[in-house]
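A.B. asks: These are the residues of each chain, in order.
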Amino acid sequence: MTAKTYSLAKSRRAIQWIGVIGAFVLGLRHIMPGEASRGGSFDSFCPFGAVETLLPYILTGHTLKTTNLLNFSIMLGVLGVALVAGRAFCGWMCPLGAIQDFLAAWGRRLSGERNHMRGKASKARFPIHMPAAADKYLRYAKYLILALILVASLYAVYPPLYEFCPVRAVFGFKMTTLLWSVLITFIVTSAFVERAWCKYLCPLGALLAIFNKISPLRLVVNHARCNGCGRCDVECSMGIQDVPERLRDAECIQCLECLETCARDDSLSLKLGWK
Amino acid sequence: MKIHPRHYPTIILAAFVVFLLLGLLLGFSPERGGEGGGRGFLFLLEAVA
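First to last, the sequence lines map onto chains A and B.
Per numbering that gives the first Met the number 0, the first sequence starts with residue 0, numbered consecutively.
Per numbering that gives the first Met the number 0, the second sequence starts with residue 0, numbered consecutively.
Worth double-checking, as some hints may not be accurate.
Which residues of chain B face chain A? A few of them, derived with a C-beta cut under 7 Å, are [claimed, not checked]:
1) I2
2) I11
3) L19
4) L23
5) F27
6) P29
The hints are simulated quantities; they were obtained by calculation from the structure and are not laboratory data.
Just so it is clear, CB atoms sit at the ideal spot from N, CA and C, and this is done for glycine as well.
Isolated chain A, as found in the complex (with noise of 0.2 Å):
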């Protein structure tokens, strides 16, 4: 580990507020007359948009409903994140990664832990672990949603997850009953389970998964001076155990709290390269 005076921890949050606010702008300006009017709608904005309308883009030329070619841009830039650094996007950017990370820290609070000690074990009773038979499984279902997604685009006129859109529902104003639901329900599972929707339903993640295991720009471990104590396991939100033997797993976010959190220098370190 490196000098400790920078945080690495800090600039996440920071990066992450500005990706909160960002987004909260867009639904602002989404409830203003004429948004669309004005280089395209909320929706317009989604990285994951593009996925949703690219295979009828390709085959009719023309987008779904409420996405344009900004999608791509966006989806691009995500993509560029990925290609160097993998599921950065989600531990970084994604407002919505954002959101659940504050909610599940509320859980804790809420819940009986007053000050949460970087690398020891939380007292509080939320955010809970998932039984590992049911977290194993629940995890593909991900790559599920993703594909059905894929088939559903081709014969929607709106993005097929429009009316489930969590995005929305947290930020984007203009609600629906059912975004009510999807809002409610994603604030209790977040605050109940950490990460919940990046662990088991983002089909986003699931996309950008894939890049965790050819991205130049990674964590290293060096096993002289790893110890095993188990903290860098202790702080991983995506609950991945025995992390120093897992820094390429498709779950893993690339937050870096491992590497935050571990205690001996040099123990974990950033790369890039792939040898």
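Given chain A, put chain B in place with the hints provided.
C.D. replies: Then chain B, alone, in the frame of chain A:
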């Protein structure tokens, strides 16, 4: 090559911005397509052919 963690946020933000600009330069902007509009890759290929 080792990277100092303090450079990590800059690297990922730069990657996002560069690729976003690349997309805009390639013409993926709302002005070109408009909601529900745009020209598909196959159509573009056809036009080129």
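A.B. asks: Hint by hint, note whether the structure agrees.
C.D. replies: Quick rundown of the hints versus the structure:
no.: 1; hint: I2; in the structure: holds, 4 Å
no.: 2; hint: I11; in the structure: holds, 5 Å
no.: 3; hint: L19; in the structure: holds, 3 Å
no.: 4; hint: L23; in the structure: holds, 5 Å
no.: 5; hint: F27; in the structure: holds, 4 Å
no.: 6; hint: P29; in the structure: holds, 4 Å
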